[in-house]
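*Asks:* Sequence:
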Amino acid sequence: MNEIGYILLSVIIGIFIGSEREYKNKSARLRTLILVTTGSCIFTILSIKIGEANPDRIAANIITGIGFLGAGAIFKEDNRVSGLTTATTIWICAALEMAAGARQLEIAIIGTAVVLFVLFLLKHLEKYIDQKNRTIKYELVFAESSSSLKYYEKKI
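Residue numbers are given in the working numbering: position 42 of the sequence shown equals residue 288, and the series is strictly consecutive.
Honestly, the hints are just simulated from the structure, not real lab data.
Treat the numbers as computed from the prediction; the structure is a model and nothing was measured.
Heads up, the beta-carbon is just placed ideally off N, CA and C, and yes, glycines get one too.
Take these hints with a grain of salt, some might be off.
As the list claims (entries may be wrong) - Pairs of lysine-lysine, DSBU-like flavour, derived with a Cα cap of 30 angstroms:
#1 Lys270 with Lys373
#2 Lys383 with Lys270
#3 Lys396 with Lys322
#4 Lys295 with Lys272
#5 Lys373 with Lys272
Stated by the list, open to error - Derived CB-CB ranges, DEER-like:
#6 Asn248 with Leu367: 42 to 50 angstroms
#7 Phe366 with Glu399: 45 to 53 angstroms
#8 Phe366 with Ile402: 39 to 47 angstroms
#9 Ile296 with Thr332: 22 to 30 angstroms
#10 Lys322 with Leu367: 36 to 44 angstroms
#11 Ala346 with Leu255: 33 to 41 angstroms
#12 Asn271 with Leu365: 13 to 21 angstroms
#13 Leu351 with Ile382: 44 to 52 angstroms
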């Protein structure tokens, strides 16, 4: 299998894992995990291809730096985390730029296509999964009295 096959395999892995996370309504879901798997694959391929003497040092330093940058895009609002897809998009862009800088144009082009596919087209799949698996929260409000409270506690 060539590098393009590995990237496509990483997308498939991300789809499987991300779909499960999406179904369970977790904060890192479908698109986020596909970007993480694809970015990891590209960073690894590039470390092997361009880091002749010590391939792990190149990707490790870039990933660390981009990790701090991406962390600035993540926010917690109420009981929900937002900005994860933005953070992983920043992260995978670094992988794509490593590919372009290393003259690995096929990797950069297929990686870009994957990112655009994930960000634009998979949003519809994400919405479909969300519609099929909704969590509804009910809140009971009643007049305060010890007898009514005991009555409703027995019912639950």
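*Asks:* Against this structure, judge whether each hint is valid.
*Replies:* Right, here's what the structure says about each hint:
Under the criterion of a C-alpha separation no larger than 30 angstroms, the hint pairing Lys270 with Lys373 is consistent with the structure, at around 13 angstroms. Pair hint Lys383 plus Lys270 holds up; C-alpha atoms about 15 angstroms apart against a cutoff of 30 angstroms. Taken as a hint, the Lys396 and Lys322 pair is broken in the structure, with Cα atoms around 36 angstroms apart against an allowance of 30 angstroms. Taken as a hint, the Lys295 and Lys272 pair is broken in the structure, with Cα atoms around 35 angstroms apart against an allowance of 30 angstroms.
In summary, the hint linking Lys373 to Lys272 is supported, as the alpha carbons are separated by about 14 angstroms, within the 30 angstroms threshold. Checked against the given bound of 42 to 50 angstroms, the beta carbons of Asn248 and Leu367, roughly 24 angstroms apart, lie outside it. For Phe366 and Glu399, the hinted distance range of 45 to 53 angstroms is satisfied, since their beta carbons lie about 49 angstroms from each other. Look at Phe366 against Ile402: about 44 angstroms separates their beta carbons, and that is inside 39 to 47 angstroms.
At roughly 27 angstroms, the beta-carbon separation of Ile296 and Thr332 lies within the given 22 to 30 angstroms, and the hint holds. Lys322 and Leu367 have their C-beta atoms about 28 angstroms apart, which leaves the hinted 36 to 44 angstroms range violated. In this structure the hint that Ala346 and Leu255 lie 33 to 41 angstroms apart at CB is violated, the actual value being about 22 angstroms. Separated by about 20 angstroms at the C-beta atoms, Asn271 and Leu365 satisfy the suggested range of 13 to 21 angstroms.
The hinted range of 44 to 52 angstroms is satisfied by Leu351 and Ile382, whose Cβ atoms lie roughly 49 angstroms apart.
Hints 3, 4, 6, 10, 11 from the list above are not met by this structure, while the remaining hints are.
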